[in-house]
Structure formats: structure tokens, C-alpha cells
Amino acid sequence: MTWASIGRGGHGYPALLAQLHDPPARLWLRGEAADALLRPAVAIVGARSCSAYGSQVARSLARDLAGAGLVVVSGLARGIDAEAHRGALEGGGATVAVLGCGIDRDYPARHAELARRIVAAGGLVVSEYEAGVEPAPWRFPARNRIIAGLALATVVVEARERSGALITADFALELGREVFAVPGEITSGLAAGTNRLIRQGAAPLLGDEDVLFALGIEAETGGGSLELDGVGEPARRVLAGLADGPREPDDLVRSTGLDAAVVAAALVELELAGAAVEAEGIYRPARRGRAPPPGRSG
Amino acid sequence: MLRESAAIRHGSVPESARRRRSSCGSGAYRGEVLARATTHALVGLDARPIEVEAHLQRGVPAFAIVGLPDKACQEAKERVRSGIASAELEWPLRRITVNLAPAGLRKEGSGFDLPIALAILAASRQVPFDRLALHAALGELALDGRVRPVRGAIVAAEAALQAGLGRLICAAESAPEAALGGVEPVPVRHLAEAAAYLRGRAEPRPVEAPPAVLPAVLLPDLRDVRGQERARRALEIAAAGRHNLLLGGPPGTGKTMLARRLPGILPPLTRAEALEVTRIHSVAGVLPAGQPLVAHPPFRAPHHTASTPAIVGGGPGPRPGEATLAHRGVLLLDELGEFPRPSLEALRQPLEDGTIAVARIAGRILFPARFLLVGTMNLCPCGARGDPAVECSCSPARLSAYREKLSRALLDRFDLVLTMPRARSREVAGPAGEPSASVASRVIRAAERLAAAPPPASETARDLLTRAVDSLGLSARGHARVGRVAATIAALAAADRIDPAHVAEALSYRSPSDLALAA
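Just so you know, the sequences run in chain order R and W.
In terms of the numbering used here, the first sequence has 285 at position 285, counting the first letter as 1, and numbering is strictly consecutive.
With the second sequence counted from 1, adding 298 to any position gets you the numbering used here.
Any given hint could be a false lead.
[As the list claims (entries may be wrong)] On the chain R side, residues computed to face chain W include the following (Cβ under 8 Å):
#, residue
1, R48
2, R78
3, G189
4, P249
5, V253
6, A265
7, E269
8, G281
9, I282
[Stated by the list, open to error] Chain W is nowhere near these chain R residues, computed Cβ spacing over 10 Å in every case:
#, residue
10, H11
11, D35
12, P141
13, D170
14, P183
15, N195
16, G201
17, R237
[Said to hold, decoys possible] To give an idea of the chain R side of the interface with chain W (calculated C-beta under 7 Å), a few residues:
#, residue
18, A264
19, L267
20, V268
21, E280
In short, the hints are calculated from the structure, not lab data.
Quantities reported herein were computed from a predicted structural model and do not represent experimental measurements.
We put the beta carbon where it would ideally sit given N, CA and C, even for glycine.
All chains should be modelled from the sequences, with the hints used to inform the complete structure.
Below is the structure:
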């Protein structure tokens, strides 16, 4: 099997990538849609062993950005990277996975199916290494410069103090591109890297509209409230209970005074309406600050 | 003390035995020297009739047991010899051959001691063999002649009744159990007592009636569970619809505590079910002393180090495993992810059709195993996931290996999946929860409603389910599971049809994507 490739300076070589001080001499491609490299793109990167919260943020952010027409670039790694690719696929957009090994390899192997879906959905798997090159630890930082180089903005979702995602952010800063970091709890090790980025001047990311605004794209929802058609009164009360952040159902039972059965049904209603998400038994409002006040009809 | 009483009652036993021999006319050791007793051997959960033949011949005194006895049965020789001597009966100085027929069936265990001893006593004319022929016998002998209970008394009693034998000579401790099997038990505490009874010298001392069934108060009560509203609700649904339940969450959130309270809210066993469970527990030898009938749904919680045969049954003479012991009750697999994969896969058959087949060259044995499965698991190997206070230290590879241990096929058997996070607030000291008894009454009513006619789904409920398939990525199997759970929820609400609210609640107990396929 052979793979297409684009040489530096050749037709279709992304101009953004050429701005790196050591751009790859050749980019190998898996997939037909070579133009995905030329469209406006956002990199979403982060820790491999991420939290449920982190994977949820990565996924929904990628979904929204892909829905707004942006290409989502990431590294096909476990954790945040894979969630970003999945979110982009869910959003119906194109996504580009940059490998740190030969173009013929699926690394990690468990994401072979994900890579196949990326290509099938009009995305690309790219690498600066020709077929047969083994993954090696020193190739991943080099891979990260390509991720940063392809994207107009880089979002770091979760990163520990010494995370590979911070290398990507550094490359993006060197290139003068936008860098966003998702703020986290100051006591959480998984937020240490992202919070430090914010202290160093990265923009804190509070929603997909931050990225869209920075890139000059108008957000479609315009900060309006979610469509909550057919959501009953209990669901509204439960959503109001979620307004202050993540809650477990038992807390909501106590704070709303509703029956456990009613709260359970209400949470599913909110999930179906896209207003709440669940991970590891904890429910969170799906979008910050967009929940309508209780009692307001949707 | 028993020896004393035996001696007092029978006087000088060897003398009386001599008198008996002379009264038999033809001379004890000349003409008929063959005698038979009937007992039963366990094959799976059934008892097969075994004829114990004792033959006395002239020659050098010897004692042999033939007919495929196992080690425990072979050792009966020593116990029978000592037992007969201790009962101050006479050990015939002959060449003694005991045959256990049918000879092709493997005989296991120590329950043959009493019938062997009685057959030898009958062959040597120390007890009347025609009277012995009207009885079945079962029991182990102590070296001092006491009769000890053995497992499987109730199935032996039932088999004796089928064979037309109305009385079973057994240990006093086994008598209440034998009575459940329908025969008239002859409770004996000592071999001498059995001999005296067969000679018509003494009626068996009746055993005191067994205490009434264990009061439900002794089962762990839901009253002790504070808070946990969602988990309590899931427990109620699981009990009403007999849905398998998977509880996930960090250690110490009360998963096991809740699971132990499930038998207390299950509908009580019917008489037929109780007898069925009693039979199983009797054969396995786990009936508690003084409680012959298992009246409450059993609860079994094998440790994850248990072998696969210990869980699904097996062994040379196959014995029921924990899954069968949990028949009509609850099987708790605590730390599901720690169980070896073969054990978990072996549970798929009983979860599918409620039986376990143990295949042997000699044949196939079916054990019933219709249980409610409760699994608990941490969200990751180190257990910290889901706990806001601790940071998970598991590598992604270890995490996925832990989750992949549970095959989709097994996860698909859990109708209800619940993640129980550790409470962020310290507020766990609430008022005492609703007691099990009042939950149980709701469960019973719902179970009756489901058994009579499961409520049909309304149009809007079906719409919601279809929408969930699209937007939540529910599989076809998941669709069916949610439908079943929704029916149970409707039955608990005494609704005559399934409403969207019931479906929505059912959807909240579906397998979360992070426990299911992570791709």
C-alpha cells in the first residue's frame, strides 16, 4: 500500500505549517481529503489519563467547534486527544490526527478503529514519518509541533505539571497563535499544567464561543438559552439544582425535595435535551451559564 | 453417656443377640447370611437408591466393601466396626463382604455407615432383616456409635418415599429435614438405638419440633441505610422485576451494604420454591443447624478467589456451586473485576436460561441456578476514580484492561447499572431510611402485577425510547433492557401502561458509556 505525500513548498502544503522554524520536509497522508489541512483548524490536546470531566469537556468542545465548521486537530492518543476526535466526528466535522510514528501505524493500536472512522468521515491521518517508522518517545514532541502548526488556536483541556500537551502549547505560543487552557480545580494535579498556562497568559476557556470569537467566527447560538421543549417542571427544578456545578443525584433529591424516581427521570430528560451530562455518577450542566432559570418555559 | 444409656436399655447386648440367634431356628451363621438395607447416593441434586448387601461367609475374618466406594466410603469399615463394638453389639467374626449396588455408580461420602452397619447386624441376625427391609437408612457413624447427620437427607427421604419406603432411619438432627421430604423419620442418636428400634424394643425418641422459620428481622434491614436515595430506588426496582444490578463506585460508598439488603425486600419463597432451595442447600451441606427449611431467598457472596467449579458447580461427583446455592435468591459478586474471567464467562449460561450443566463422561448433571446477580466494582483498579478526595493513579493501559475484563456479553446481563460516587458533602448522617418491610410490600405488589400482565408501553413512551436509541447510542439489547426496566417501574407505580417518565427513569440506569465500550 502506498500513501500520498506533500513535500514542503509543494502544492497543498499548509502555509500555517510552513511558519514553523523547522517544518516537516514531507507530510504523509492517509485519507482523500487533503484540503482538510488548508481549512481553519483548532487543536484540542491534553492528558492521556484524563478525568471524566476532562473527557466530557474535550468531547463537547470538539463537537461544537466541528459543528461551527472548524477542523479539529489532535494526536490520536488516549484520553483528551481521542475524545477530541470523537467529538469532532459527532459534530459532523472533519478532524486531523497527527501521528508520532510511521504513516502505516495505528498508534495506540486500540485507536485503529477510530483512525478508520476519521478517514471515512472525510478527515485525515497525517505523519512526517514514512511507513515503517516505529513510535519512539522523542518523536512525540516533534509530532506536537505539527499539531500546533496546523491549528489557528490550541486548546489544552487537562494537563499535569509536565505534560506533552504543554509542549504543544509552547509551540503555538512561539508561532504567535492563540492558546486556550481550560481552568480546573487548583487542588487537582490534572489541572496544574492548564492553570499554570493561564497564569502565564493563556486565555481561560469558558466555552466554544471563546475560540470562535478569537477566530472571528460568529457563534450561532449567540449565548441564547437551550431549546428545552417538552421538558417538564421537575426537570427544570433539577436543572436549577445543577446550576452551581456538578451534583450527584442523591444531592439533587435532597435539595429539590423530589422523589429519587422523579429526579432520575428528570436527569434523563435533561440529558436527552443536551442540558446535562453524566460521568461516573455525577451530573453536570452541559453548558455553563446557559441554563434557563426554573419555571421559564422553553 | 449415650453408651451407658444404650447398655442400660438393652441389658447385656451380646446375650440378647445370642438369644435372638437361637430363636431364629436355623442357626445364625449357617443358612441365610445375606441381608439388605436400602440407602441413597447423591447424583447431582437427585438421590439414587442404593442397595447395601452384607454377606457373611466362613473363612478368615475379614471385611471388604465393594461397589465403587470412594475414600470416605471405604473408611466406613473402621467406623462401622468401632460403632458396632461401642453399641455393645457383636462384630461377626466372619468373612464380611458389603456390596453397594448398582456397583457401577460411584459412591461418595459417609452416609453409608449406618446402612452398612444395619445390614451387617441383620446378616448376623442381631436385628430382624424383614423389618429393616421396610426402612431406608442414612447416616454417618462416630467411633462411639453415635449417628451423625449427613448432607442430602431431604432428597434421600423423597427418593425413599418414591421407592415405597415410608420410614427413614437417620440422625436425629436430620429428622426435621427428612420429614419435609414426606417420609416418617426415625430419628436415632446412636446405633444401639437404631438396633433397639428395629428389634421393636424401643420407639424412637421424638425430636423436638424445629423452631418456626427464621424471622425476617434477622436479615439486614434497609432501615440502616441513610441517604443513598438513588441506590435504594434501584434496589427496589431490581427486587420487583428481578433485574440484575451492577453497582460501580469507589470503595466505601456502601455498595456491599446495599447488596446485602436485597434478600430482605425480595418476595418470600413459595412453599414449592422453599423446598427446592432446601434440597439444594441440603445436598451442598450448608443448611444451618436447627433450620430445616430455607424460607427466605438465599444470599450467597463468593469471594473472588473462589475457583470456577466452586462458583458454578463441579467436582468428581458434581456438587452445586455458589450460583446454584443462590437459586431463587441473590448472588453477590463483590469486586466483579477481580473475578477470573473464566468464572465470569461460566455464569453466562445460568444468566441466560437459569440452569448450569456440568458435563462428565459418566453423564450430564443439570443444576438450577436462577438467581438475581448483583455485581459491585470500582471504577478503576486503584479504586480512586469517582472519589473527589483522592487522585486516581491508574495508567490508561491498566484502566482499559480492568474494564475490558468484563465482556460485553456479561455487561449486557445487567439491566440496572448504577454509579455511586463518594458523597462530596460529609452529610451522611440523615434520618434512618425506610424499613425493608414497607419496601417489600411494594415489591410484592409490583411483582404480582408483572406476573399477571406486564403493562404495555404507551405511544409517547415508545417515542421516547426511539429518541434515546438515536441520541444516547442505545444498542438493540440496551433497548430491550430499558423496556423491561420501564415495565417494572410502571408496575411499581401501579400504572396500567408505561409512561414516558417510566422510560426516562429506566434510561438513567443504563450502562454508562465509560463502563461499556470505550471506543
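Query raised in the report: How about A264/R: closest beta carbon in chain W under 7 Å, or not?
Result: holds, 4 Å
**Report entry** Separation of G201/R from chain W, once the least beta-carbon distance is taken, above 10 Å
**Finding:** holds, 27 Å
Query raised in the report: Holds or violated: P249/R as interface residue toward chain W, Cβ cutoff 8 Å?
Result: Interface hint status for P249/R: holds (4 Å vs cutoff 8 Å).
Query - Hinted contact E269/R with chain W - closest CB pair below 8 Å - result: holds, 6 Å
Query raised in the report: Should the hint that E280/R touches chain W count as held when the rule is a Cβ pair under 7 Å?
Result: E280/R check passes; min Cβ-Cβ to chain W is 4 Å, inside 7 Å.
Query raised in the report: Should the hint that I282/R touches chain W count as held when the rule is a Cβ pair under 8 Å?
Result: Holds, because the Cβ-Cβ distance from I282/R to chain W comes to roughly 5 Å (cut-off 8 Å).
Report task. Test the statement that N195/R is away from the interface with chain W: the closest C-beta pair must be farther apart than 10 Å. Result -> The claim stands: N195/R keeps its Cβ more than 10 Å from every Cβ of chain W (closest is about 15 Å).
Query raised in the report: With a cut-off of 8 Å, does the beta carbon of R48/R approach a beta carbon of chain W closely enough for the hint to hold?
Result: Where the cut-off is 8 Å and the nearest Cβ of chain W is about 5 Å from R48/R, the hint holds.
Query raised in the report: Is the interface hint for V268/R satisfied, with its Cβ closer than 7 Å to some Cβ of chain W?
Result: holds, 4 Å
Query - Cut-off 8 Å, beta-carbon criterion: hint that V253/R touches chain W - result: This hint holds: V253/R lies near chain W, its Cβ roughly 4 Å from the closest one there, short of 8 Å.
Report task. Would you settle whether the hint for A265/R is holds or violated, based on the nearest Cβ-Cβ distance to chain W being less than 8 Å? Result -> Holds: closest Cβ of chain W sits about 4 Å from A265/R, inside 8 Å.
Report task. Report holds if the minimum CB distance from P141/R to chain W is greater than 10 Å, and violated otherwise. Result -> holds, 19 Å
Violated hints are absent here; each numbered hint is respected by the structure.
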